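Participant: Using the sequences and the hints, build the whole thing.
Line by line, the protein sequences give chains U and R. Per our numbering, the very first residue in the first sequence carries number 1; after that it's consecutive. Per our numbering, the very first residue in the second sequence carries number 1; after that it's consecutive.
Hints were generated in silico from the structure; no laboratory data involved. Treat each hint with caution, since some may be false.
Note that identical chains are pooled: a pair holds if it fits in a single copy or bridges any two copies.
Claimed, not checked - Simulated crosslink set (DSS-like; lysine-lysine; CA at most 30 Å straight-line):
| hint | residue 1 | residue 2 |
| --- | --- | --- |
| 1 | Lys397 | Lys163 |
| 2 | Lys370 | Lys305 |
| 3 | Lys370 | Lys397 |
| 4 | Lys176 | Lys330 |
| 5 | Lys283 | Lys330 |
| 6 | Lys377 | Lys343 |
| 7 | Lys110 | Lys2 |
| 8 | Lys176 | Lys110 |
Small disclaimer: the values here were computed from a predicted structure and weren't measured.
2 protein chains.
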Amino acid sequence: MKIFIAGVDGYLGWTLAQWLARRGHTVGGADNFARRSWVKEIGSQSAVPVAKIHDRLAAFEARYGAPLQFYRGDLSDYEFARRVLMAFEPDAIVHLGEMPSAPYSMIDAKHAAYTHTNNLVSTLNMLHLMRDAFPGCHLLKLGTMGEYGTPNVDIPEGFFNCKLRGREDWMMFPRKPGSFYHATKVHDTYNIEMACRLWGLRSTDIMQGVVYGTNYWDQEKDERLATRFDFDGVFGTAINRFCAQAVVGEPITPFGDGHQRRGFLPLQDSMQCFTLALENPPKAGEYRTLNQFEEVYDVTELAEKVVEAAGGFRTFKLEPEIRNLCNPRKEAEEHYYNPDCNKLPDLGYVPAITMAEALHELIAVLVKYKGRIVACKDALMPDVRWDGTRGAMEYVK
Amino acid sequence: MKIFIAGVDGYLGWTLAQWLARRGHTVGGADNFARRSWVKEIGSQSAVPVAKIHDRLAAFEARYGAPLQFYRGDLSDYEFARRVLMAFEPDAIVHLGEMPSAPYSMIDAKHAAYTHTNNLVSTLNMLHLMRDAFPGCHLLKLGTMGEYGTPNVDIPEGFFNCKLRGREDWMMFPRKPGSFYHATKVHDTYNIEMACRLWGLRSTDIMQGVVYGTNYWDQEKDERLATRFDFDGVFGTAINRFCAQAVVGEPITPFGDGHQRRGFLPLQDSMQCFTLALENPPKAGEYRTLNQFEEVYDVTELAEKVVEAAGGFRTFKLEPEIRNLCNPRKEAEEHYYNPDCNKLPDLGYVPAITMAEALHELIAVLVKYKGRIVACKDALMPDVRWDGTRGAMEYVK
Numbered sequence: 001m002k003i004f005i006a007g008v009d010g011y012l013g014w015t016l017a018q019w020l021a022r023r024g025h026t027v028g029g030a031d032n033f034a035r036r037s038w039v040k041e042i043g044s045q046s047a048v049p050v051a052k053i054h055d056r057l058a059a060f061e062a063r064y065g066a067p068l069q070f071y072r073g074d075l076s077d078y079e080f081a082r083r084v085l086m087a088f089e090p091d092a093i094v095h096l097g098e099m100p101s102a103p104y105s106m107i108d109a110k111h112a113a114y115t116h117t118n119n120l121v122s123t124l125n126m127l128h129l130m131r132d133a134f135p136g137c138h139l140l141k142l143g144t145m146g147e148y149g150t151p152n153v154d155i156p157e158g159f160f161n162c163k164l165r166g167r168e169d170w171m172m173f174p175r176k177p178g179s180f181y182h183a184t185k186v187h188d189t190y191n192i193e194m195a196c197r198l199w200g201l202r203s204t205d206i207m208q209g210v211v212y213g214t215n216y217w218d219q220e221k222d223e224r225l226a227t228r229f230d231f232d233g234v235f236g237t238a239i240n241r242f243c244a245q246a247v248v249g250e251p252i253t254p255f256g257d258g259h260q261r262r263g264f265l266p267l268q269d270s271m272q273c274f275t276l277a278l279e280n281p282p283k284a285g286e287y288r289t290l291n292q293f294e295e296v297y298d299v300t301e302l303a304e305k306v307v308e309a310a311g312g313f314r315t316f317k318l319e320p321e322i323r324n325l326c327n328p329r330k331e332a333e334e335h336y337y338n339p340d341c342n343k344l345p346d347l348g349y350v351p352a353i354t355m356a357e358a359l360h361e362l363i364a365v366l367v368k369y370k371g372r373i374v375a376c377k378d379a380l381m382p383d384v385r386w387d388g389t390r391g392a393m394e395y396v397k
Numbered sequence: 001m002k003i004f005i006a007g008v009d010g011y012l013g014w015t016l017a018q019w020l021a022r023r024g025h026t027v028g029g030a031d032n033f034a035r036r037s038w039v040k041e042i043g044s045q046s047a048v049p050v051a052k053i054h055d056r057l058a059a060f061e062a063r064y065g066a067p068l069q070f071y072r073g074d075l076s077d078y079e080f081a082r083r084v085l086m087a088f089e090p091d092a093i094v095h096l097g098e099m100p101s102a103p104y105s106m107i108d109a110k111h112a113a114y115t116h117t118n119n120l121v122s123t124l125n126m127l128h129l130m131r132d133a134f135p136g137c138h139l140l141k142l143g144t145m146g147e148y149g150t151p152n153v154d155i156p157e158g159f160f161n162c163k164l165r166g167r168e169d170w171m172m173f174p175r176k177p178g179s180f181y182h183a184t185k186v187h188d189t190y191n192i193e194m195a196c197r198l199w200g201l202r203s204t205d206i207m208q209g210v211v212y213g214t215n216y217w218d219q220e221k222d223e224r225l226a227t228r229f230d231f232d233g234v235f236g237t238a239i240n241r242f243c244a245q246a247v248v249g250e251p252i253t254p255f256g257d258g259h260q261r262r263g264f265l266p267l268q269d270s271m272q273c274f275t276l277a278l279e280n281p282p283k284a285g286e287y288r289t290l291n292q293f294e295e296v297y298d299v300t301e302l303a304e305k306v307v308e309a310a311g312g313f314r315t316f317k318l319e320p321e322i323r324n325l326c327n328p329r330k331e332a333e334e335h336y337y338n339p340d341c342n343k344l345p346d347l348g349y350v351p352a353i354t355m356a357e358a359l360h361e362l363i364a365v366l367v368k369y370k371g372r373i374v375a376c377k378d379a380l381m382p383d384v385r386w387d388g389t390r391g392a393m394e395y396v397k
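Facilitator: Printed below as a string of structure tokens:
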């Protein structure tokens with residue numbers, strides 16, 4: 001299959017490109033290196049060194065025996081998007097080219113606006129190009145479990161049978177985003193569902209849980225194949241930050257009471273799920289939602305798992321403590337959470353790795369790059385507050 | 001009250017400014033004259049002549065004894081938005097500054113993207129400025145009944161008690177937009193609900209039905225006070241187009257089978273509803289949704305009402321026929337439709353004028369400007385198709 005990855009230089013994109021190449025797919029992709037700029041802007045860096053794109057591409061071709069067709073540019077520019085898709089002629093597009101950070105979207109009005117135009121316009125461009133030139137193409141779009149928020153009812157996979165006053169209809173399950181980043185994912189969801197309904201396009205919309213880990217299986221062989229790993233308070237997801245904190249001897253910091261429940265999955269299993277969705281595409285006109293996560297934990301349980309995994313590295317004497325941080329976000333800290341996850345298992349998904357194993361591998365990688373985390377230690381502490389102010393959060397007393 | 005109108009030069013904005021001035025409010029507003037440009041772009045013009053802004057403002061001050069504080073610029077430019085809101089210090093903001101046409105948003109990828117950035121970023125800017133400088137300010141935002149689509153269940157006012165597998169939650173009623181214009185209104189809805197929830201802002205989100213008519217009550221006295229009236233296939237709403245067709249002797253053209261049901265209300269009653277919402281603001285932190293319409297008709301009934309109203313003008317021998325047009329949109333033509341409308345009546349809303357009366361007044365105005373409709377007669381025929389092609393629609397055989 002010819003698969004085009006939007007955001008191929010990013011955390012998920014670079015990993016997926018290799019995963020797909022290994023399975024014999026032809027891979028192309030575009031990137032404007034925005035993720036590299038954003039992380040620099042907030043004063044941090046990837047813990048794992050990120051090779052220059054030229055070196056990445058050379059290593060890719062050497063390892064997989066075929067080039068990755070790379071296009072440098074911004075997919076929210078329609079002419080650029082048209083030029084590269086017409087050149088590549090994809091069977092499937094994986095859209096990983098969005099700004100992925102909730103805190104970054106909450107910095108101020110300009111960051112909120114940028115998140116909207118970057119995320120929504122790139123998707124709109126692809127939908128129009130699919131309609132006009134590639135109507136059979138499958139759009140695999142990355143959403144987030146965060147689109148649903150934390151409702152007091154079970155979370156179905158995208159749709160539910162709405163019963164009201166004696167009548168019923170099969171409807172989109174209501175969303176409740178908690179940041180402008182999450183909101184843009186909800187907006188994409190509505191736009192893509194509509195494009196499939198009006199234009200007969202096919203799409204899989206992935207409501208992904210929190211992903212953690214790094215592609216140690218690739219980077220062992222050639223460091224240029226390593227994907228980035230952000231640990232900072234803006235672009236680092238919860239477990240990634242906790243592991244980085246453990247490695248540099250900082251406290252592990254759940255927000256508030258630490259009882260927020262979320263779905264999690266390791267990077268390796270995220271790749272497995274994407275691949276299953278790509279190799280089992282929906283029908284023409286079908287808009288398919290998959291909830292993609294492996295296990296549900298509350299953030300405190302998660303912190304404890306990181307402490308346990310870190311303790312396994314006797315040589316390094318990693319003995320992190322857990323210290324809750326005042327919550328910079330506005331979110332429920334005690335809530336019901338019971339999302340469905342049936343469709344990926346129906347497609348054949350079986351988790352390949354446990355959280356304990358994945359955390360062990362991750363910490364082993366981070367120990368190697370400890371110096372790079374130490375160099376940006378200040379960035380570990382979340383400082384974007386949902387009320388519009390900025391400044392390092394304090395510990396809960 | 002000091003009320004700021006975004007889009008004060010537009011169809012609703014210019015009418016509302018005067019309505020509020022008459023009730024003793026201090027009115028300010030901004031506009032970048034985008035509506036004037038869009039209508040020119042698609043080759044049409046307002047049937048009612050639109051005075052230059054300088055003349056409009058002079059007439060406003062002469063009539064109401066106080067100036068309208070006008071700011072020329074684009075509210076999706078944050079610095080402009082900040083400057084004007086800091087200068088005006090509003091108690092309420094009425095956001096009528098969005099691109100309001102479904103067909104315009106469906107022309108191509110660039111028009112879809114423009115609709116998103118124009119509509120969403122202006123709202124984001126206002127929400128951030130309210131949070132930072134006017135936390136008590138009331139945002140009255142114009143949405144559309146079209147956000148809901150045509151579900152097979154009753155349509156509540158924004159929220160419903162979601163029951164699922166033995167549990168329940170008070171949730172946003174699911175939306176199902178039918179164009180990118182409608183989608184941007186859904187996106188705004190999610191953004192504003194979230195801003196109220198996270199930041200304690202107050203907002204009324206109006207799900208407005210199809211508005212028709214012109215502000216004949218103002219324009220009788222001084223033509224410079226007249227609001228615009230678009231009759232073209234892109235910016236003209238259904239009844240407005242039907243009346244223009246009747247006046248120039250063209251067939252009245254429901255789409256497809258003509259059984260699409262919608263809620264309608266005359267401009268005068270739309271003004272009454274806005275005023276009630278402004279003078280009865282929601283509490284701090286409250287996000288309030290009002291469904292705003294007067295009567296529900298299917299499009300064929302509507303066409304028949306226009307024929308009947310036109311027949312009342314014996315002197316002009318207006319005898320329009322109804323000829324259904326192939327539907328350029330993709331929409332259900334036979335469907336259930338039963339939206340609630342309880343909250344505005346609870347605030348005191350009593351329709352001031354019947355559809356028959358409003359249509360009579362409207363046709364009287366259009367007869368006066370018949371020459372301006374004839375001059376752009378080609379624009380009467382819808383030519384933006386939902387499948388991305390362009391060209392005048394054919395009649396149903």
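Participant: Looking at the structure, which of the earlier hints fail to hold?
Facilitator: 1 and 6
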